[in-house]
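Read top to bottom, the protein sequences are chains A and B. The numbering of the first sequence is the UniProt record's numbering, which starts it at 1 and goes up by one. The numbering of the second sequence is the UniProt record's numbering, which starts it at 1 and goes up by one.
Among these hints, one or two may not hold up.
[As the list claims (entries may be wrong)] The calculated lysine-lysine pairs, modelled on BS3-like cross-linking and capped at a C-alpha distance of 30 Å, are:
hint : chain 1 : residue 1 : chain 2 : residue 2
1    : A       : 227       : B       : 250
2    : B       : 203       : A       : 67
3    : B       : 102       : A       : 198
4    : A       : 145       : B       : 203
5    : A       : 102       : A       : 203
6    : A       : 22        : B       : 38
7    : B       : 250       : B       : 145
8    : B       : 145       : A       : 22
9    : B       : 145       : A       : 203
10   : A       : 254       : B       : 198
11   : A       : 198       : B       : 203
12   : A       : 67        : B       : 38
13   : A       : 227       : B       : 100
14   : A       : 203       : B       : 203
15   : B       : 250       : A       : 198
16   : B       : 22        : A       : 38
17   : B       : 227       : B       : 254
18   : A       : 203       : B       : 38
19   : B       : 227       : A       : 227
20   : B       : 100       : A       : 67
21   : A       : 227       : B       : 22
22   : B       : 22        : B       : 38
23   : A       : 145       : B       : 22
24   : A       : 254       : B       : 102
25   : A       : 250       : B       : 67
26   : A       : 100       : B       : 227
27   : A       : 102       : B       : 145
28   : B       : 145       : A       : 198
29   : A       : 203       : B       : 198
30   : A       : 203       : B       : 22
31   : B       : 227       : A       : 250
32   : A       : 198       : B       : 198
33   : B       : 198       : A       : 250
Hints listed in this document are in silico derivations from the structure and should not be mistaken for laboratory results.
Protein chains: 2
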Amino acid sequence: MKIVLLGSGNVATHLAQAFVAKGEEIVQVFSQNLNNAKILTDGVGGEPIDDLAAINYTADLYIIAVKDDAIESIANGLSLVNGLVVHTSGTTDLHTLSSKVKHAGVFYPLQTFSKTREVSFDQIPLCVEATDDIQLSILRNLALKLSTQVYQMDGNQRKVLHLAAVFACNFPNHLYALANQLLQQHQLDFEIIRPLIKETADKVMVNLPENMQTGPALRADETTLNKHFSMLNNMPELQNIYQTLSDSIKLMPK
Amino acid sequence: MKIVLLGSGNVATHLAQAFVAKGEEIVQVFSQNLNNAKILTDGVGGEPIDDLAAINYTADLYIIAVKDDAIESIANGLSLVNGLVVHTSGTTDLHTLSSKVKHAGVFYPLQTFSKTREVSFDQIPLCVEATDDIQLSILRNLALKLSTQVYQMDGNQRKVLHLAAVFACNFPNHLYALANQLLQQHQLDFEIIRPLIKETADKVMVNLPENMQTGPALRADETTLNKHFSMLNNMPELQNIYQTLSDSIKLMPK
């Protein structure tokens, strides 16, 4: 497949590398910053461009991997292409594309990407959606080349999944960072808490989290909850988080 | 070493199994419920007892692994023993024991235990503290038999670590459960989000979490934050958590 990539950020970079590794061809990389496009084409091949007027009209697939609020304007520049145009956003409607281009779809990889960290796509859930069954089938087959976990879902489900991912990834990572803040204040290294973080995640690989909850809030151990609360007297923000999440744990059905 | 175990819960069970696997001897298990003591001694050996008056006075080590608020009354029953008496609590002062018994210490394993899940102690941080250097050395050597990660720390540091563990384990697990609540409401299986949870934890095994944050709050992406917020209009509790944690992410130094 001949692929044009629109975007040069984390998702664009990881997707391009994964496609090339599977034998697909990147024919162009578009970025508003030509240098960023060049950095990516240096690694994966193709022509770097910074002008949508220079877009190749004969590619099979156009992947828009840019910030959500830039998707629509890029789609405007692709109204003449015949290939399938997809975006990689968890929160953007398929309609944002299908109202502008002939064949539209969504190719949403559910993962947290950092440029400095290698990811293997094998285990990354890929969520696909398309305007018709033929395009959907093209997209599914392409997704299955990268990953064993391919899910077809509608836009509403995808948005819920994106929101759930904030709860399951962004928020836990922030809580790790707050834990580290506490540790550092008392000359304790983050290293000491890593096995606990790993085990907490490992547990829910084979169990449901609602069955794995532990800690003072679950036990309604008010003595410990009060001790912790007073330890945070000088950190009202952490105290508020502690209270909010402990209250929520108490409300969970047992 | 001859060990008397006071308690028959998760921590007591896992510790007993780990000690026996390393060739130590469990001479007694005390529980207020004799049947619970028997269940444990059936697996690890020793005499089950439910009366502190029947305690063996010649053991080397007495491990109090009970709920925090029961530690003091158990310690009262051990005032005549010569061996080292330790508790396994993250939040209880050493003084709670040292005011009652001759030789006192703390042996706090930093991990989340479930009875149904095997744990390997090799990688579990063990935090030790004792009333004097001789007892501390005994405790360190014993801990090193179980784990490569043995930390000596004072009670204040241990309490901070316990609090940090709530942020790094109990709260993230609860957020996984809330994510699952969202998924289930829309016929999505928890399976789909497991790779994301795993990668989020894996990332901080080799990086610091403050450098690994991703998501709409970090990018101050108000469009997405507002979309998510309205999706939670019918779930005020989750909406409150979403707002509280997003605000906190925005406040983190970049």
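How the hints compare with the structure:
1. A threshold of 30 Å between alpha carbons decides the hint, and for residue 227(A) with residue 250(B) the separation of about 27 Å falls inside it, so the pair holds.
2. Our distance criterion of 30 Å between C-alpha atoms is met by residue 203(B) and residue 67(A), whose separation comes to about 23 Å.
3. A distance of roughly 38 Å separates the Cα atoms of residue 102(B) and residue 198(A); the hinted pair therefore is violated under the 30 Å criterion.
4. The hinted pair formed by residue 145(A) and residue 203(B) meets the criterion: a straight-line CA distance of about 25 Å does not exceed 30 Å.
5. For the hint linking residue 102(A) to residue 203(A), the alpha-carbon distance of about 45 Å lies beyond 30 Å, and the restraint is violated.
6. Proposed proximity of residue 22(A) and residue 38(B) is contradicted: the alpha carbons are some 58 Å apart, above 30 Å.
7. With a C-alpha separation of about 44 Å, the suggested pair residue 250(B) and residue 145(B) falls outside the 30 Å cut-off, and the hint is violated.
8. Straight-line distance between C-alpha atoms of residue 145(B) and residue 22(A) comes to about 47 Å, which puts the hinted pair past the 30 Å bound.
9. A distance of roughly 25 Å separates the Cα atoms of residue 145(B) and residue 203(A); the hinted pair therefore holds under the 30 Å criterion.
10. Taken as a hint, the residue 254(A) and residue 198(B) pair is honoured in the structure, with Cα atoms around 25 Å apart against an allowance of 30 Å.
11. Using a Cα cut-off of 30 Å, the hinted pair residue 198(A) and residue 203(B) holds, with the two alpha carbons roughly 10 Å apart.
12. Distance check on the hinted pair: residue 67(A) and residue 38(B) sit about 61 Å apart at the alpha-carbon level, beyond 30 Å; violated.
13. At most 30 Å may separate the alpha-carbon atoms for a hinted pair to count; residue 227(A) and residue 100(B) meet this at roughly 23 Å.
14. This hinted pair checks out: residue 203(A) and residue 203(B) have alpha carbons roughly 17 Å apart, not beyond 30 Å.
15. Only pairs whose Cα atoms come within 30 Å are accepted, and residue 250(B) paired with residue 198(A) is accepted, the gap being roughly 25 Å.
16. With a CA separation close to 58 Å, the supplied pair residue 22(B) and residue 38(A) exceeds the 30 Å bound.
17. Taking the CA atoms of residue 227(B) and residue 254(B), the gap is about 24 Å. The hint holds against a cut of 30 Å.
18. Of the supplied pair hints, the one linking residue 203(A) and residue 38(B) holds, its CA atoms being roughly 28 Å apart against a limit of 30 Å.
19. For the suggested pair residue 227(B) and residue 227(A), the alpha carbons sit about 37 Å apart, so the restraint of at most 30 Å is broken.
20. Simply put, residue 100(B) and residue 67(A) have alpha-carbon atoms about 63 Å apart, too far for the 30 Å limit, and the pair is violated.
21. Under the criterion of a C-alpha separation no larger than 30 Å, the hint pairing residue 227(A) with residue 22(B) is inconsistent with the structure, at around 35 Å.
22. For the proposed pair residue 22(B) and residue 38(B), the alpha carbon gap of about 21 Å is at most 30 Å, so the pair holds.
23. Between residue 145(A) and residue 22(B) the CA atoms are separated by roughly 47 Å; this puts the pair beyond 30 Å, and the hint is violated.
24. Proximity of residue 254(A) to residue 102(B) is assessed by CA-CA distance (about 42 Å); at most 30 Å being required, the pair is judged violated.
25. Under the criterion of a C-alpha separation no larger than 30 Å, the hint pairing residue 250(A) with residue 67(B) is consistent with the structure, at around 18 Å.
26. Taken as a hint, the residue 100(A) and residue 227(B) pair is honoured in the structure, with Cα atoms around 23 Å apart against an allowance of 30 Å.
27. The hinted pair formed by residue 102(A) and residue 145(B) fails the criterion: a straight-line CA distance of about 67 Å is larger than 30 Å.
28. Taking the CA atoms of residue 145(B) and residue 198(A), the gap is near 22 Å; set against the 30 Å cutoff, the hint holds.
29. A distance of roughly 10 Å separates the Cα atoms of residue 203(A) and residue 198(B); the hinted pair therefore holds under the 30 Å criterion.
30. Only pairs whose Cα atoms come within 30 Å are accepted, and residue 203(A) paired with residue 22(B) is accepted, the gap being roughly 25 Å.
31. Proposed proximity of residue 227(B) and residue 250(A) is supported: the alpha carbons are some 27 Å apart, at most 30 Å.
32. At roughly 8 Å between alpha-carbon atoms, residue 198(A) and residue 198(B) fall within 30 Å of each other, so this suggested pair holds.
33. Between the alpha carbons of residue 198(B) and residue 250(A) the distance comes to roughly 25 Å, so the proposed pair stays at or under 30 Å and holds.
When held up to the earlier numbered hints, the structure conflicts with 3, 5, 6, 7, 8, 12, 16, 19, 20, 21, 23, 24, 27 and fits the remainder.
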